[in-house]
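Heads up: the protein sequence lines correspond to chains A and B, in order.
Take the first sequence: its letter number 346 is residue 478 in this note's numbering, and every next letter is one higher.
Take the second sequence: its letter number 119 is residue 251 in this note's numbering, and every next letter is one higher.
Everything hinted at is true.
For each label pair, taking beta carbons as the anchor points, the in silico distance ranges come out as:
| hint | chain 1 | residue 1 | chain 2 | residue 2 | range |
| --- | --- | --- | --- | --- | --- |
| 1 | A | 184 | B | 433 | 52 to 60 Å |
| 2 | B | 310 | A | 164 | 51 to 59 Å |
| 3 | B | 453 | A | 454 | 30 to 38 Å |
| 4 | A | 462 | B | 435 | 45 to 53 Å |
| 5 | A | 390 | B | 154 | 34 to 42 Å |
| 6 | A | 422 | B | 453 | 52 to 60 Å |
To give an idea of the chain A side of the interface with chain B (calculated C-beta under 10 Å), a few residues:
| hint | residue |
| --- | --- |
| 7 | 194 |
| 8 | 195 |
| 9 | 196 |
| 10 | 197 |
| 11 | 237 |
| 12 | 240 |
| 13 | 256 |
| 14 | 264 |
| 15 | 265 |
| 16 | 266 |
| 17 | 267 |
| 18 | 268 |
In silico DSSO-like cross-links for lysine-lysine, where the CA-CA straight-line distance does not exceed 27 Å:
| hint | chain 1 | residue 1 | chain 2 | residue 2 |
| --- | --- | --- | --- | --- |
| 19 | B | 395 | B | 320 |
| 20 | B | 278 | A | 223 |
| 21 | B | 278 | A | 278 |
| 22 | B | 332 | B | 497 |
| 23 | B | 153 | B | 371 |
| 24 | A | 153 | A | 470 |
| 25 | B | 470 | B | 391 |
| 26 | B | 223 | A | 278 |
| 27 | B | 331 | B | 411 |
FYI, nobody ran anything at the bench for these hints, they're computed from the structure.
Just so we're clear, the structure is a prediction, and the values are computed from it rather than from any experiment.
Note that CB positions come from ideal geometry on N, CA and C, so glycine has one too.
2 protein chains.
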Amino acid sequence: MATDETEVLPESYPMNGGDGKVSYARNSFAQRTSVDASKKFISEAIADLLDTELNPILDSSIRFQIADLGCATGPNTFYAVQNIIEAINSKYSMNKHQKSQALEYQVFFNDHTNNDFNTLFRSLPLPRPYFPVAVPGSFYGRLFPKDSIHLMHSSNSLNWLSRVPKDVGDINSPAWNGDSIYCTGTAKEVVEAYSNQYKKDMNNFLNARALELVAGGLLVLVVGGVPNCVSLNQTGIGKDYEIIGSCLVDMANKGLISKEKVKSFNLPLYYPSPNEIEKLIEDNGCFGIERMETFPGKGKHIHNSQMWPMIVRAAFEAIISNHFGNEMVEELFGYYSKNHMDKVSIFNGDDVISLLHLNIVLKRKN
Amino acid sequence: MATDETEVLPESYPMNGGDGKVSYARNSFAQRTSVDASKKFISEAIADLLDTELNPILDSSIRFQIADLGCATGPNTFYAVQNIIEAINSKYSMNKHQKSQALEYQVFFNDHTNNDFNTLFRSLPLPRPYFPVAVPGSFYGRLFPKDSIHLMHSSNSLNWLSRVPKDVGDINSPAWNGDSIYCTGTAKEVVEAYSNQYKKDMNNFLNARALELVAGGLLVLVVGGVPNCVSLNQTGIGKDYEIIGSCLVDMANKGLISKEKVKSFNLPLYYPSPNEIEKLIEDNGCFGIERMETFPGKGKHIHNSQMWPMIVRAAFEAIISNHFGNEMVEELFGYYSKNHMDKVSIFNGDDVISLLHLNIVLKRKN
Numbered sequence: 133m134a135t136d137e138t139e140v141l142p143e144s145y146p147m148n149g150g151d152g153k154v155s156y157a158r159n160s161f162a163q164r165t166s167v168d169a170s171k172k173f174i175s176e177a178i179a180d181l182l183d184t185e186l187n188p189i190l191d192s193s194i195r196f197q198i199a200d201l202g203c204a205t206g207p208n209t210f211y212a213v214q215n216i217i218e219a220i221n222s223k224y225s226m227n228k229h230q231k232s233q234a235l236e237y238q239v240f241f242n243d244h245t246n247n248d249f250n251t252l253f254r255s256l257p258l259p260r261p262y263f264p265v266a267v268p269g270s271f272y273g274r275l276f277p278k279d280s281i282h283l284m285h286s287s288n289s290l291n292w293l294s295r296v297p298k299d300v301g302d303i304n305s306p307a308w309n310g311d312s313i314y315c316t317g318t319a320k321e322v323v324e325a326y327s328n329q330y331k332k333d334m335n336n337f338l339n340a341r342a343l344e345l346v347a348g349g350l351l352v353l354v355v356g357g358v359p360n361c362v363s364l365n366q367t368g369i370g371k372d373y374e375i376i377g378s379c380l381v382d383m384a385n386k387g388l389i390s391k392e393k394v395k396s397f398n399l400p401l402y403y404p405s406p407n408e409i410e411k412l413i414e415d416n417g418c419f420g421i422e423r424m425e426t427f428p429g430k431g432k433h434i435h436n437s438q439m440w441p442m443i444v445r446a447a448f449e450a451i452i453s454n455h456f457g458n459e460m461v462e463e464l465f466g467y468y469s470k471n472h473m474d475k476v477s478i479f480n481g482d483d484v485i486s487l488l489h490l491n492i493v494l495k496r497k498n
Numbered sequence: 133m134a135t136d137e138t139e140v141l142p143e144s145y146p147m148n149g150g151d152g153k154v155s156y157a158r159n160s161f162a163q164r165t166s167v168d169a170s171k172k173f174i175s176e177a178i179a180d181l182l183d184t185e186l187n188p189i190l191d192s193s194i195r196f197q198i199a200d201l202g203c204a205t206g207p208n209t210f211y212a213v214q215n216i217i218e219a220i221n222s223k224y225s226m227n228k229h230q231k232s233q234a235l236e237y238q239v240f241f242n243d244h245t246n247n248d249f250n251t252l253f254r255s256l257p258l259p260r261p262y263f264p265v266a267v268p269g270s271f272y273g274r275l276f277p278k279d280s281i282h283l284m285h286s287s288n289s290l291n292w293l294s295r296v297p298k299d300v301g302d303i304n305s306p307a308w309n310g311d312s313i314y315c316t317g318t319a320k321e322v323v324e325a326y327s328n329q330y331k332k333d334m335n336n337f338l339n340a341r342a343l344e345l346v347a348g349g350l351l352v353l354v355v356g357g358v359p360n361c362v363s364l365n366q367t368g369i370g371k372d373y374e375i376i377g378s379c380l381v382d383m384a385n386k387g388l389i390s391k392e393k394v395k396s397f398n399l400p401l402y403y404p405s406p407n408e409i410e411k412l413i414e415d416n417g418c419f420g421i422e423r424m425e426t427f428p429g430k431g432k433h434i435h436n437s438q439m440w441p442m443i444v445r446a447a448f449e450a451i452i453s454n455h456f457g458n459e460m461v462e463e464l465f466g467y468y469s470k471n472h473m474d475k476v477s478i479f480n481g482d483d484v485i486s487l488l489h490l491n492i493v494l495k496r497k498n
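With these hints in hand, go ahead and build the complete structure from the sequences.
Set out below in structure tokens:
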């Protein structure tokens, strides 16, 4: 049993806690967009693919156990779970000999140990058709006993690597990423370092889930990705990361932060292509791809210079302050807000390619 | 499914959160005493009473699910759980055809929704032989799906009622408790009000647990009680509550807090006698009493005027500040510390009767 999570998770940067001005709870409408966009896909997948007959636990009992991996502090996780439960209820009510009324749902909300679970619990909807539970720890390791969950869901979370690939922040490595703070997709060694980390993480993720899901259980993933043969610096998100990076370089040039710190800073984020994730799941072998759909994200929030910097701050403040210290955070996001506003027209450029939503349903092989 | 916990829990006063000077995490050694004192009793009860054959979930799977009800922020809950798991492992290792090595434990830590679960998660021991999970909500309502837990434990928590009996704070009721802040055991109407609330709460507790435990599952309770035919004002704890009450009256006389507020304040605590709890469990009918042991608490901490007021504050600050407001808390505990020190000799009096630890093991009837 993987009980020492430090072995699998050297880095852990939760979304901003609480429910204040810069909290994730109040600045997660961008992530909400993809929850909404995936709603129909997930409902249909459950209707078509959920096996209500073969499940050994469901045969002998009336409980259904759902996990949301990377739940943060809400509220998006509550919308996603509500949608899943409605779809399962519909599915069971179609089988007349099964009583969906009698089903009892237990929902496991998972995120890093330092996630603000207190805020999550205090925001739980009432009434709610499930028994809520929180599970602390990295989903790149084991979280649940074997064969104990019927359906797992993860939205907007698997783009976060378990760690920044070591070499990209090392000025002496051929994979050093220079002043860039993300995997642009252009430098071969940097792409390899990120891609290898992603493969390793996804294998850990899939191996753990294969043990924890019941045979035939569903794993529903909503992941941001790049279209095949597109690199991240061609997308709006990539261009936005370049704005953040340029703010850091400016602050370093003004002597406000250390240049070395900028050279060693990278975001632990990766956006796979559909081909890449498909091959990875097939190579892993624990799951069959039952359904996969990609559609371009609208990315409308990135055009809003009032809201967008708050969304970015709620997600990135922990990782930035961990690397540079707390003192510079307010000033950085001040610079960044101004720069985002000044450069907002670049997100409308003809050359900007939309990021993809990848909706994937996997079924655990027996 | 009881999903609206406000229906069953009008009042909820968590132990002090965080890990600072007045936190429960740093001021819970008194409660630790009873965890330690019950250790041998619980180990033996598991060795003798845990049914490793009949459990339908354990037959088809290798997971064992444990719940600790009223976990607060740790660390006592971790000691209690560790002890339980060691006892279960021993039990399984005696049955040679069963592999205790392969058992996977999932531990559900339960307390009120406003308990500081963030501190609990950050204090989890490493390594640990279980998958930890937090469950928010009052244990006087449903917390888990049916037939989903193998063993439940609750220590030092069932003395907390779901609410102060309404009438004891009502100056117009015959059950009004006057300036007293607890159930002394002398005024008949007050005793009845408290005792009725306790019966109602315990029935709710037992009915919920009977649904949630698997058939044959164990419910291990460690509860503070008074000896048969003894009233609480004859015990050290009773005398201590009188000191707190007298501090409140003093503060009201000085105009620092409202006299009406003092007249309406009561602690939602109840200490049953062995006869009372035994009858209540038999009348409820869901569980068989497999083992019951009472022994006098040493109550050594109550003599320590450095530590004891901190222990009381960590447990009572929430309920006191909720009733009187935050402003008076520091001053009250200043008064109380001084009074406790001045009067500490009363705890040594020949007339002081020890509170009991009641250790009880119940088995769910089929």
